[in-house]
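Engineer: Residue numbers (the numbering used here), protein chains in the order written: chain A, 1 to 76; chain B, 77 to 152; chain C, 153 to 228; chain D, 229 to 304; chain E, 305 to 380; chain F, 381 to 456; chain G, 457 to 532.
Possibly wrong hints are sitting among the right ones.
Pair by pair, the computed Cβ-Cβ distance ranges are [what the hints assert, rightly or not]:
(1) 313(E) x 131(B): 30 to 38 Å
(2) 102(B) x 474(G): 25 to 33 Å
(3) 495(G) x 88(B): 26 to 34 Å
(4) 330(E) x 209(C): 29 to 37 Å
Below, simulated DSSO-like cross-link-like pairs (lysine-lysine); rule was C-alpha separation at most 30 Å, straight line [claimed, not checked]:
(5) 17(A) x 57(A)
(6) 361(E) x 328(E)
(7) 179(C) x 210(C)
(8) 480(G) x 27(A)
(9) 134(B) x 103(B)
(10) 27(A) x 169(C)
(11) 210(C) x 245(D)
(12) 331(E) x 362(E)
(13) 285(D) x 24(A)
(14) 514(G) x 483(G)
(15) 483(G) x 513(G)
(16) 103(B) x 133(B)
(17) 27(A) x 473(G)
(18) 438(F) x 473(G)
(19) 103(B) x 27(A)
(20) 17(A) x 513(G)
(21) 480(G) x 514(G)
(22) 103(B) x 58(A)
(23) 176(C) x 210(C)
(24) 27(A) x 17(A)
(25) 209(C) x 285(D)
(26) 255(D) x 480(G)
(27) 328(E) x 103(B)
(28) 252(D) x 286(D)
(29) 328(E) x 362(E)
(30) 404(F) x 437(F)
(31) 179(C) x 93(B)
(32) 169(C) x 134(B)
(33) 483(G) x 397(F)
(34) 407(F) x 331(E)
(35) 100(B) x 57(A)
(36) 133(B) x 93(B)
(37) 480(G) x 397(F)
(38) 513(G) x 58(A)
(39) 473(G) x 437(F)
(40) 362(E) x 321(E)
Rather than coming from a laboratory, the hints here were simulated on the basis of the structure. Quick caveat, the model's predicted, so the values are computed rather than measured. Every residue gets a Cβ at the ideal spot worked out from N, C-alpha and C, and that includes glycine.
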Amino acid sequence: MEPQSRPLDTLNNARHKRVIVDLKNGKQITGELEAFDIHINLVLEDAELRSEGQTEKKMGKLFLRGDTIISIAISE
Amino acid sequence: MEPQSRPLDTLNNARHKRVIVDLKNGKQITGELEAFDIHINLVLEDAELRSEGQTEKKMGKLFLRGDTIISIAISE
Amino acid sequence: MEPQSRPLDTLNNARHKRVIVDLKNGKQITGELEAFDIHINLVLEDAELRSEGQTEKKMGKLFLRGDTIISIAISE
Amino acid sequence: MEPQSRPLDTLNNARHKRVIVDLKNGKQITGELEAFDIHINLVLEDAELRSEGQTEKKMGKLFLRGDTIISIAISE
Amino acid sequence: MEPQSRPLDTLNNARHKRVIVDLKNGKQITGELEAFDIHINLVLEDAELRSEGQTEKKMGKLFLRGDTIISIAISE
Amino acid sequence: MEPQSRPLDTLNNARHKRVIVDLKNGKQITGELEAFDIHINLVLEDAELRSEGQTEKKMGKLFLRGDTIISIAISE
Amino acid sequence: MEPQSRPLDTLNNARHKRVIVDLKNGKQITGELEAFDIHINLVLEDAELRSEGQTEKKMGKLFLRGDTIISIAISE
C-alpha cells in the first residue's frame, strides 16, 4: 500500500500537464498547470475558455483565483 | 462504547473506497477517494459525473475544492 | 443555575442520538450523529434524505461539510 | 456613562431569555437562548419555526450555525 | 491635518448615536449603536425595521451579525 | 523604476480624496475617503448613493464593510 | 526544468504590464497592473470597463478587492 497522499501532492504531480478546470460560474478553462498555492490559486499556460468541447477563446497565461474553482481534472 | 471519533477519521477510513460527493452546484460526482485534507479538498480516482443514477461523463483523476462540497456518502 | 454551556457541548451530548439537519440548499437530512468538529462538519450514520416527512433516499454513512448546515435539531 | 459593552456581552445577558432569530434564508426561529460562541453558533431550547406571527413547527432543542444568522432580537 | 483614523474609531465615536444600517438582504434597520466588535457585529437599542422611510416593525434590542451588513450611516 | 507598491499604499494616498465605490449589490457610492483598514472596511465623508451619474441619496458619514466592495476608483 | 514557481510570482512578473481581469459579477476590467497583495487585491492604472471588446467606461486608477476576481489574463 502506497504512503497516504494529500490533495496538494496530486496538484504538484500535475505541473506541466494539461488540466481541465470547472469554475463556479459554469465556465470551463483548460491549460497547462504552471503553478498553484495552498489557496488553490492556479496559473495556467495556453489557457482556453471551452464550451461544449470547442475552444471559445484563447486566454494565454492565466491566473485563476482559487475560490472560483470547483474541480481540476488531471490528464495522465 | 467506542472512543469518540472525528469527521476526518471517517474520511481517513474511506480512503480507497468508493464515495458519492454532492456539490453545491447540484452536481453529483462518484469516485475512489485517494486523498483529502482539512479543508475537505478531495482527490478522486476514476471520477464520474452522475445524473439520475447514470454516468454522464468520465473525468479520470479529479481534484475537488472543499468549499464546493455539501456531502460525501461512504460505501461500507 | 447550571454552569454556562457552549454550543459544541450540546453537539457532544447529542452523539449517538438521532438529529435532523437542515441544509442551505433546502434539503433535510436525518441520521445518528457519530462525529463532529469545530467547523460543524458532521458524520451521520444511517443518513436519510427527507422530503415532507418521508424518506426520499437512504445515504448510509454520510460526511456533511459544516458550511452547508443551517441547523441541527436534537432529539431528547 | 456605563462602561463600553461588546456584542457578546449582550448575548451573554440574554441567556435563558426568549430570542427571535432571523436567518439568511428568510426563516424566523424563536426559542430560549441556552448557549452561544464567538462564531454566533447558538443553541435554543423549545425552538419554533415562525411564519407571520404563527408557530409553524416545533423543533425542540436546536443548534443554529452562526453564519446563517442575520439578527437576534432580545426580549427584556 | 488630523491624525489618521481607522474605521473602527468612527464606530467608536458613534456609540449611543442613531445609525442607519443597510443589510445584504435589502432591509434597512435603524437604532442607537450600543456595541460593536472587530467583526462589525452590532448591538442596537430601540431597533426598527424601516421601509421607504416608515417604521415597519419595532425590534427592541437587536444583535446584528457583521457579515450581513453593507453599510452603517452615522448621524452627527 | 519606483519601489514596488502594495494596494493599501494606494488607498493610503487616497485619504481625503474623492473615491467612487462599486458594491456587490450593484449600487455605487461616492465620498471622501476618511479611513480604511486591512479588511477594506472604509469610512467615507459626504457619502452619496449615485445612480446613472445623478445623486440619489445623501448619506453623510458612512461606514462600508469591506466584503461588500468590488472596486474603489480614485481621483487624481 | 525551471524551478517551481508560485502564482504570486506570476503576478509579480506582470507588474507594469496590461492585464484583463474577469470579475464574479460578469464584468471585465483591463488596465496596467501596479500593485497586488496576497489576498489578490489589485491596483490597476488606466483601468477600463470593457464590454464585447469595446471600452465602456474609463476608470483611471482602480483598487479591485481580491474576492471579486475570477481570473487575471496576462499579456506577454
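Engineer: It remains to establish, for every hint, whether it holds in the given structure.
Structural biologist: Going down the list of hints, with the structure as the test:
| no. | hint | verdict |
| --- | --- | --- |
| 1 | 313(E) x 131(B): 30 to 38 Å | violated (59 Å) |
| 2 | 102(B) x 474(G): 25 to 33 Å | violated (37 Å) |
| 3 | 495(G) x 88(B): 26 to 34 Å | holds (32 Å) |
| 4 | 330(E) x 209(C): 29 to 37 Å | holds (35 Å) |
| 5 | 17(A) x 57(A) | holds (20 Å) |
| 6 | 361(E) x 328(E) | holds (18 Å) |
| 7 | 179(C) x 210(C) | holds (14 Å) |
| 8 | 480(G) x 27(A) | holds (12 Å) |
| 9 | 134(B) x 103(B) | holds (14 Å) |
| 10 | 27(A) x 169(C) | violated (42 Å) |
| 11 | 210(C) x 245(D) | violated (38 Å) |
| 12 | 331(E) x 362(E) | holds (14 Å) |
| 13 | 285(D) x 24(A) | violated (35 Å) |
| 14 | 514(G) x 483(G) | holds (14 Å) |
| 15 | 483(G) x 513(G) | holds (12 Å) |
| 16 | 103(B) x 133(B) | holds (12 Å) |
| 17 | 27(A) x 473(G) | holds (26 Å) |
| 18 | 438(F) x 473(G) | violated (38 Å) |
| 19 | 103(B) x 27(A) | holds (14 Å) |
| 20 | 17(A) x 513(G) | violated (38 Å) |
| 21 | 480(G) x 514(G) | holds (20 Å) |
| 22 | 103(B) x 58(A) | holds (27 Å) |
| 23 | 176(C) x 210(C) | holds (20 Å) |
| 24 | 27(A) x 17(A) | holds (20 Å) |
| 25 | 209(C) x 285(D) | holds (23 Å) |
| 26 | 255(D) x 480(G) | holds (27 Å) |
| 27 | 328(E) x 103(B) | holds (27 Å) |
| 28 | 252(D) x 286(D) | holds (20 Å) |
| 29 | 328(E) x 362(E) | holds (20 Å) |
| 30 | 404(F) x 437(F) | holds (18 Å) |
| 31 | 179(C) x 93(B) | holds (26 Å) |
| 32 | 169(C) x 134(B) | violated (38 Å) |
| 33 | 483(G) x 397(F) | holds (26 Å) |
| 34 | 407(F) x 331(E) | holds (14 Å) |
| 35 | 100(B) x 57(A) | holds (27 Å) |
| 36 | 133(B) x 93(B) | holds (20 Å) |
| 37 | 480(G) x 397(F) | holds (28 Å) |
| 38 | 513(G) x 58(A) | holds (24 Å) |
| 39 | 473(G) x 437(F) | violated (38 Å) |
| 40 | 362(E) x 321(E) | holds (18 Å) |
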